[in-house]
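Student: Sequence:
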Amino acid sequence: MSPMTSLMSSSMRHFGEKPRRRDKTACSAWMPCSTYFELVIPLYYRMGKKLRRIVQTIEILVTEMNAFGFRHLQQAPPSRQWRETDHVIDDSDKDIVSRSRDQERKEIMRKLLDDASNMDLMVLPIVGPGGMGKTTFVQLIYNEPAIEKHFELRRWCCVSDDFYVSTIASNISQTNEKNREKALKDLQSVISGKRYLIVLDDVWNRDADKWGKLKTCLKQGGKGSAVLTTTRDSKVAEIMTMGVVEAHNIEKLTDEYLREIIQSRAFSLQNPNSDELEGIVGSIVGRCAGSPLAAKAFGSMMGTKTSTNEWKDILAKSNISNERTGILPILKLSFDELPSHMKQCFAFCAIFPKDYEINVDLLIQLWMSHDFIPVQDDAQPETVAAQIFKELTWRSFFQDVKQTLPINHIFGTRLSLRKRTICKIHDLMHDVALSVMGKECVTIVDKPSIKKLFPNPARHVFLSEYATEVLGSNRHHDLSLLDEFLKKQSPMLQTLFFEDYDYLDISNYTSLRALHLPANVYLPGQIHLPGKIQHLRYLNLSGNRELKKLPEDLSIMYNLQTLNVSHCQNFVSFQRVTSLQTLSYFGVSARPGCSTIGELRNLNLGGELELSGLENVTEALAKGASLGNKEKLTHLSFKWNDDAPEKPDCHKKVLDALKPHVGLQMLMIVNYKGTGLPSWIINHSLLQHLTELQLLGFMLCEEFPEFCHFKSLQVLYLEKLYKLQSLASTAFPKLKELQLHDMKSLERWVATEGKEDELTFPVLEEVDIKNCPKLTSFPEAPKLKVLKLDEDKALLSLAIMKPRHVSSLSKLQLSIQDTEAKPPQIDQNHVSSLSALGLQGCNLFFSSPSQPTFGVWKWFVQLVDLVIQNCDVLMYWPEKVFECFVSLKELEICDCNKLIGSTQVKGGAHTETVGQVLPQLNSITIWDCESLTEVFILPPPLRMIFILRCP
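If you read the sequence shown in UniProt numbering, its first letter stands for residue 1, the second for the next number, and so on.
Incorrect hints may appear among the rest.
[Unchecked claim] Using 25 Å as the maximum straight-line C-alpha spacing, the simulated DMTMM-like pairs for lysine to aspartate or glutamate come out as follows:
(1) 673 - 719
(2) 354 - 310
(3) 215 - 256
(4) 332 - 431
[Said to hold, decoys possible] Distance ranges between label pairs, derived from CB positions:
(5) 403 - 683: 26 to 32 Å
(6) 109 - 336: 39 to 45 Å
(7) 487 - 811: 53 to 59 Å
(8) 940 - 895: 43 to 49 Å
Note that these hints are calculated values from the structure, not bench results.
Each residue gets a CB set at the ideal place from its N, CA and C atoms; glycine is no exception.
Kindly generate the complete structure, drawing on both the sequences and the hints.
Tutor: Take a look at the structure:
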């Protein structure tokens, strides 16, 4: 294709999307054919004339370019002979701040641990300019072991621009209560009598009434409580302290440590050889004005420069301060030095509120929807975007990058197959993005921000879930204002990111490229998604159980790249959506008119994909999906419904036809009713990159892979594999997490006789075993931290009561229904590092007052948290057991219906505990103990007692 032809093709795509073959009956459905040709043919004629004029102009420019001898030169990659760099996120700056502020840290800790002990409530502000490291400094203090031990309750709350009393109160209480009075009551209940430390980070509020309302509730805590705040505004500090405590003004970082930060980022693993470069570094240090954030940004930016002249040029552009904008010029300069595509990517982040947890995958999808990602012949757009994110993180534009596994805390289920990477943006960096975007981004987080919309033009709109919940009596009026604003902006709007909205009509939003409408927004019958939004590239309708298919006029979306319909269990159709790159969920239906799995063939999908309803799939259609060619898919889930008919041969053929590519990282198979498995699962060579495997509901299957031969496997979940007898033939080199549920035939860890004592799990950290009645032994696992056992007979529970199994544990949870089991004889001269213990049933752990105490209790001198539930033999407070718990802070007793109180002796008198038990106890919770008449003698440190549904 010639350059001119390519240009014309590109122009055609700009004026209208790629031509598609139209249904023969389409014209008559819309208008008479004569009218159709009268309207459309002149339009194409006029467009053709315009395009010809454009091409003629470009051809003249090309001729002149050739006449002058201009050539397009590909820029050579820069030489980096004098240093090595990479994009690994380095945490050394935290170590530097810790060392540089050691004296300040000691001073603040002295105030919190000593001075605050004589006060009902200490409020201590940390004041300083933005980018000075206030948050990092307070994080160091917050995580100090001495602080953690001293305060019974610690909470961290980022406040930022908006000081909402209800939001702060609910965050501290860890509830989602939006009503202010209820949130404040919850706050009082949580902190009542407790010595707490609460951090309010980045406070801007100058409204003394708001702070007074919150402070009144905070005074309900125990003596010695403290509120540690960070702020840039000394007036805010004055309002919060009322002159009782002097605020701490954070010191500027000294040149020594600023130089260390700059060099660690600019020169990576080695120091510069040039004295001239050393001199430039010294000058840069002076420009940082004591700010570690500026030093990180400067160092990261210099790390992209390859010559001394480039360093000098950057130095010449930088200034020390800018009072008008409040933005450190070095931060703006570091933005100005970015390549243009990176500028677009970061500036777009102004749409998010300050301190917002950004989902990185979602952010990349939004970048792609706006064509911010440059095309590279040898790389996928997602890969290029991920590299851009890493580069921006390394340059300090993003921070607090971490991975989490989204969990539905109500049902305890996973919200996605993949872990989610989240990040935040420093306030000053966010200010940089805002300064670039101006009014193009509108972020609505509260009622006042709705009223400030007019007459600002906007391209990108963010509406927080909280914004529509604080409107109160004027809710309808304010939403009408918002709707009016959106209608005025509709021709320009490119992004609508709504966390909550009652009604949405986007019939005129012809430029929309990204639409985020999760379940609480998309209400059946209340949204109109017209075919005019054919430019749409990102669409999120996740969580909507009523969604079955895309609206008819919406399904003609040639450009749609991301369709998030996760947790839309009834979604069965995505016809005519041909450019999808991300499809998180698809349920196969037998109903006529629904999409078939074969329609996945031509979609270049990546990320994760959950396929449900596989009982409606034939072998031919499964092969037609061509999953083996989708190399960007990393996480796959195959699910047959619970009530699917038992067709073993059919299940095996379908699963065989769904063979994925060799680079798959995670595989889940649910309710499989075949008797054997296809060769691609049995043959371990195919899935050597697999890190997580879940097989659930394999009741009929008699053939299993050698799980230990998946050399990269880190997570293994097995449930209802009724005919599996042994787990492995050799060691699992990388397995860290193991879950075995309802494995009624499993009786051996290792299949080969004589290898039981070999180290099968060298790095295993977490084990969850439930209802495996034939499993009577427990293997060696020296790294084990968390163990959960649920069994009828106390077999495994007795097997683990050995020092070699318990010594490394930090958390143990046992559920034993066996009422006949007797405690074994054990060595009492052992100390375990166990900090949390949960017992359900577990009668063998307790005995009558006349019997000796189970010796294992003496191991748990470091126990901090104890829960006892449904123990039928517990009639009296186990005070002899309590004498072992010298470190216990939290105690919970529930559903122990025979528990009465203190031990009775002859004559009916109650014995009293000799000496003090539970000397460190802070909190005791007792509920549903229907026979309880009294509690044991409570220790002085106790701050909270909660008794519910007891006599």
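Student: Taking the hints in turn, state whether each one holds.
Tutor: How the hints compare with the structure:
Restraint check: the Cα-Cα separation between residue 673 and residue 719 comes to about 13 Å, which is no more than 25 Å; the hinted pair holds. Taking the CA atoms of residue 354 and residue 310, the gap is near 33 Å; set against the 25 Å cutoff, the hint is violated. Between the alpha carbons of residue 215 and residue 256 the distance comes to roughly 40 Å, so the proposed pair goes past 25 Å and is violated. Simply put, residue 332 and residue 431 have alpha-carbon atoms about 9 Å apart, close enough for the 25 Å limit, and the pair holds.
Hint check: residue 403 to residue 683, Cβ distance near 31 Å, so the stated range 26 to 32 Å holds. Distance hint for residue 109 and residue 336: a CB-CB separation of about 40 Å, consistent with the stated range 39 to 45 Å. A hinted range of 53 to 59 Å for the beta carbons of residue 487 and residue 811 is consistent with their spacing of about 54 Å. For the pair residue 940 and residue 895, the supplied restraint of 43 to 49 Å is violated, since their beta-carbon distance comes to about 29 Å.
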